[in-house]
Amino acid sequence: MFKSNPQWDNAPFEGEVKIPSGCAVSAIIDRGGRPMTGEKVIRSIATMHDRSNGLGGGFAGYGIYPDYKEYYAFHLFYNDFQAKKETEDFLLRHFEIVYSSEMKTRKVKSIVNEPLIYRYFLSPLSKRLANSLLDEERYVVKCVNAINAGIDGAFVFSSGKNMGIFKGVGYPEDIGKFYLLDEEYEGYAWTAHGRYPTNTPGWWGGAHPFGLLDYSIVHNGEISSYDANRRYIEMYGYKCTLQTDTEVITYVIDYLIRVKKLTLQEVAKVISASFWSTIEEKSEEDRREETFLRKAFPSLLITGPFSIIFGFNGGIMALNDRLKLRSMVCAEKGDLAFISSEECGIRVIEPELDKIFSPAGGQPVIYTLKEGRV
Amino acid sequence: MNIYIPPEYEVVRDGSRCIECRVCERQCANEVHKYDGDLKMMISDSTKCVNCHRCVCLCPTHALKIVKSEDTYRQNSNWGAQTMNEVYRQANSGGVLLSSMGNPNDYPVYFNKILVNASQVTNPSIDPLREPMETQVFLGKKEVEIKRDISGRIVDTLSPQLSLKMPVMFSAMSYGSISYNAHEALARAAEELGIYYNTGEGGLHKDFYKYGKNTIVQVASGRFGVHAQYLEAAAAIEIKMGQGAKPGIGGHLPGMKISDDVSRTRMIPKGVDAISPAPHHDIYSIEDLRQLIYTLKEATDYKKPIIVKVAAVHNVAAIASGIARSGADIIAIDGFRGGSGATPTRIRDNVGIPIELALAQVDERLRQEGIRENVSIVVAGSIHSSADVVKAIALGADACYIGTAALLALGCHLCRSCHTGKCNWGIATQRPDLVKRLNPDIGYKRLVNLLTAWNHEIQEMMGGMGINSIEALRSNRLMLRGVGLNETELRILGIHHAGESM
Amino acid sequence: MKRIYVKENRCLGCRLCEWECMYANSGLDAMFKLKGKQGEILPRIRVEDNPEDIHFAVNCRHCKQAICVKSCIAGALSKTDEGMVVIDKNKCVGCFTCVLVCPYGAIMPAADGKAAQKCMLCTDNDRGEPNCVKYCPNGAIVFEEGDL
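Protein chains in written order, with our numbering: chain A, 1 to 374; chain B, 1001 to 1502; chain C, 2001 to 2148.
The hints are simulated quantities; they were obtained by calculation from the structure and are not laboratory data. Treat the hints with care, since some could be wrong.
[Claimed, not checked] In silico DSS-like cross-links for lysine-lysine, where the CA-CA straight-line distance does not exceed 30 Å:
#, chain 1, residue 1, chain 2, residue 2
1, C, K2114, C, K2089
2, B, K1040, C, K2035
3, B, K1034, A, K324
4, A, K324, A, K355
5, B, K1147, A, K239
6, B, K1445, C, K2007
7, B, K1068, A, K282
8, C, K2070, B, K1068
9, A, K295, B, K1165
10, C, K2070, B, K1040
11, C, K2089, B, K1034
12, B, K1422, C, K2070
13, A, K282, B, K1165
14, C, K2037, B, K1034
15, C, K2037, B, K1040
16, C, K2091, C, K2007
17, A, K260, B, K1303
18, A, K239, A, K127
19, C, K2114, B, K1065
[To be verified] So the derived label-pair ranges between C-beta atoms look like this:
#, chain 1, residue 1, chain 2, residue 2, range
20, B, V1155, A, K355, 48 to 56 Å
21, B, S1159, A, S126, 54 to 62 Å
22, A, T241, B, Q1075, 56 to 64 Å
23, B, K1213, C, E2129, 34 to 42 Å
24, C, K2064, B, D1260, 37 to 45 Å
A virtual CB, placed ideally from N, CA and C, is assigned to each residue, including glycine.
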């Protein structure tokens, strides 16, 4: 479904094969909570044009739906109206649909073969939710999985509250324009992704960011620990259907934060753990904590090159692999904070910076809204 | 009628090279070689030769070789010479055929049909000579509830863990089946390598208590040598339910190998065959196993991981699942190729399943049930090389046990005659003059060399895959591809065929 | 100085050292050429055995107070600066007093019966290092610094 180019009709779908890819990532947050359009982040990712090859681009915006911030915002791709009807029947059985509309898009020359794109603001039906014996978030995730796995030609690609993912096949700057991110939406934080897959059927659902409720991940890299991570996380109710690194990293972070209640700092020490030799040199307290985390979650260590930007309601986190095999730069200017694959992606939108640095491998950089802002 | 069975192998001496130094004569415990004063030359009796190669290795002029005999029965693809000889031997003795070491027959070796991946272009390989490359592993239950102190720091609530500098240990070989010097070499090597060796069911000699930190003690069905101090001395306790070379039966140490020292260590009479029962007579089901596990934990104050070792049999996945739920910290699985100091030939050659398949199924089953992190998995049963270690870990093991490879490092030439107690290499014997032939100063160094070399190779292969920590290799089956395997085999192993991409 | 020491608990009594000694001092280029030369050349190291399965290879201890040197009537035996006891075959008159006085039996008449012979740590042949040490299969013969 959603193959962007008929010439690839014989190529396998994302999820049927594992596709290594290189990428560009970028993010911007106003820690004062002031809203901005997607224009800046589009300019940032566009500067790193050569890091993408036109086979995938996408964005996540936080704080973009203030009027509906109590509701889960579902973004859906449909192959056809049959899929749409089936999905809406499903949604009606499980949610109250507060508002729905076709996604507003503009025609961009390079964006072709786009699927039907719809948006829904949802609230779980309370009786259904109670009967499911799940907490609300698990209930929503289960419904997302049910649609993605069970309804042919339908794909939920965004499901968080007061945030939205926008993605597709094309260069990211074109995707940004296609979704009118530069004028239609305003949020306090944006992340962006330009993809350079080594081969691809060009599937819209396979573009990044990957989202799970309000969590979104953009990622540049190819992790060598993929199957070890996947086989671990699948024990705990996750199903890695897309076979992408981004998907498994999202699930790993979700598991550690939501289920194991670890802090973001602790999550970084699990997935991008220090080497034992480095841990040996740390203070006794740190040594005890990091040794424990590595011993308790050995299968969630992620190896191989990655630079990720993890977006969540209230902030963003940048994290590199432990050897720093992918470039990533962070910068600050007043309340604004930036993360980008390359420095040029920051300088192009803010030439004068208070501070710019390249975080070390495994060192998380976390930018969150100041107290009381959302 | 004591029928003559022609020897399978012949000693061939090159008379023009032999200087009659008689080293071969002095070194053969089987008395194959003899200097004939009348003929003024060395003569050999091939019928006594077990082909251990001691004489070949020590002959200073390389005048000796052992060759497969050309003497042959009438060619028969159905009734081979070995099969016929076994019938003759049994017709003669009326006894069960005994063998040693692992199953030598022509069954598939799945490790040899699995290939490993490497990084190209999209993902950098890592050079272990220039970057850290971690092969340290911890064995034990990982499943843990996160608890915090008042200040919010995480509290270490993990069950006791074994810490290994590399994912290989020496598997259970008892004092009795192998010699004092062999045990000393294993213990010292384990200490230097930062790994563990295993006492087997032979108890722990008083001289070796000092290696306790690197010792796994075994509690087997015969309970030989088990007492409070023995349990206390060890780093971990292994309950031996089964052994790959002889699933379903107990141990058998021939009386001639039970010397004074062995008798004292095992707490059994001298010179009498030591036969451990087939089952543990206090374990007839899984709930009984749980009781023994907790008995041992109580006895050692919950400070030591408990290993349960089973032979790889058809139903191993379900058995492992039961063990993982019964309080064990580590499951050791021994494949049908696993070695033994003495075992009935028919059992060794016909019972059990390959470790590769057993491992793949156990790992998968425990994952399906969400209990893989309850236990670590250690596999044994013919780990031939560092490549096998890498493949085993990628299939889902946490670490490997090596037995035969360690004995080879000590000089064993796989003549498979351990049960005779006349090991010419000083390994599987208790005869003082033979034991002396294994100098533990040399032996331990060779074991250290072997595993140091393996560790380098493991690091090289990991680096090639772009993995710099062994935990990211564990269960990473996408790193493996099968060659020449059929659909069923691939499904059981949970890997793709070579040529199929990710 | 570095001396040859033998570890009794490691010596197997295989006697390879005797043959390696003969070979090292034979001038032959292949060991098997010793064939048929028994009696023409004698080892300077001897393995002593007893019935209790104790074996011990014996060769010159290079004593500090070397009684053999004192007893030599021809000045053929002497000590080097390092302390090694050496014999000059050309000066030896074959009186074998040294053979009689050596408490270890480590000096013996050479095969030709005309002069005595003893271990000179393979410094008098082309080996450079003691051949018996190099080829002992059990590490029972070592060449190391130590006091007597």
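Results for each hint:
1. Annotation: proposed proximity of C:K2114 to C:K2089 holds, straight-line Cα distance about 9 Å (limit 30 Å).
2. Distance hint between B:K1040 and C:K2035 is fulfilled; the C-alpha atoms sit about 12 Å from each other, no more than 30 Å.
3. Taken as a hint, the B:K1034 and A:K324 pair is broken in the structure, with Cα atoms around 68 Å apart against an allowance of 30 Å.
4. Between A:K324 and A:K355, the direct Cα distance comes to roughly 20 Å. Compliance with the 30 Å bound is thereby established for this hinted pair.
5. Between B:K1147 and A:K239 the CA atoms are separated by roughly 27 Å; this keeps the pair inside 30 Å, and the hint holds.
6. Between B:K1445 and C:K2007 the CA atoms are separated by roughly 18 Å; this keeps the pair inside 30 Å, and the hint holds.
7. Taking the CA atoms of B:K1068 and A:K282, the gap is near 62 Å; set against the 30 Å cutoff, the hint is violated.
8. Our distance criterion of 30 Å between C-alpha atoms is broken by C:K2070 and B:K1068, whose separation comes to about 60 Å.
9. Our distance criterion of 30 Å between C-alpha atoms is met by A:K295 and B:K1165, whose separation comes to about 14 Å.
10. Proximity of C:K2070 to B:K1040 is assessed by CA-CA distance (about 42 Å); at most 30 Å being required, the pair is judged violated.
11. The hinted pair formed by C:K2089 and B:K1034 fails the criterion: a straight-line CA distance of about 37 Å is larger than 30 Å.
12. Under the criterion of a C-alpha separation no larger than 30 Å, the hint pairing B:K1422 with C:K2070 is inconsistent with the structure, at around 49 Å.
13. Proposed proximity of A:K282 and B:K1165 is supported: the alpha carbons are some 20 Å apart, at most 30 Å.
14. With a CA separation close to 20 Å, the supplied pair C:K2037 and B:K1034 stays within the 30 Å bound.
15. Of the pairs offered as hints, the one joining C:K2037 and B:K1040 holds, with about 13 Å between alpha carbons and a cut-off of 30 Å not exceeded.
16. Simply put, C:K2091 and C:K2007 have alpha-carbon atoms about 34 Å apart, too far for the 30 Å limit, and the pair is violated.
17. Of the pairs offered as hints, the one joining A:K260 and B:K1303 holds, with about 25 Å between alpha carbons and a cut-off of 30 Å not exceeded.
18. Simply put, A:K239 and A:K127 have alpha-carbon atoms about 26 Å apart, close enough for the 30 Å limit, and the pair holds.
19. Of the supplied pair hints, the one linking C:K2114 and B:K1065 is violated, its CA atoms being roughly 40 Å apart against a limit of 30 Å.
20. Checked against the hint of 48 to 56 Å, the C-beta distance between B:V1155 and A:K355 comes to roughly 36 Å, which is inconsistent with it.
21. Between B:S1159 and A:S126 the Cβ separation comes to about 41 Å, which falls outside the hinted range of 54 to 62 Å.
22. Between A:T241 and B:Q1075 the CB atoms are about 58 Å apart, so this pair conforms to the stated range of 56 to 64 Å.
23. The hint said 34 to 42 Å for the Cβ distance between B:K1213 and C:E2129, and at roughly 38 Å that hint holds.
24. A beta carbon spacing of about 41 Å between C:K2064 and B:D1260 agrees with the range 37 to 45 Å that was offered as a hint.
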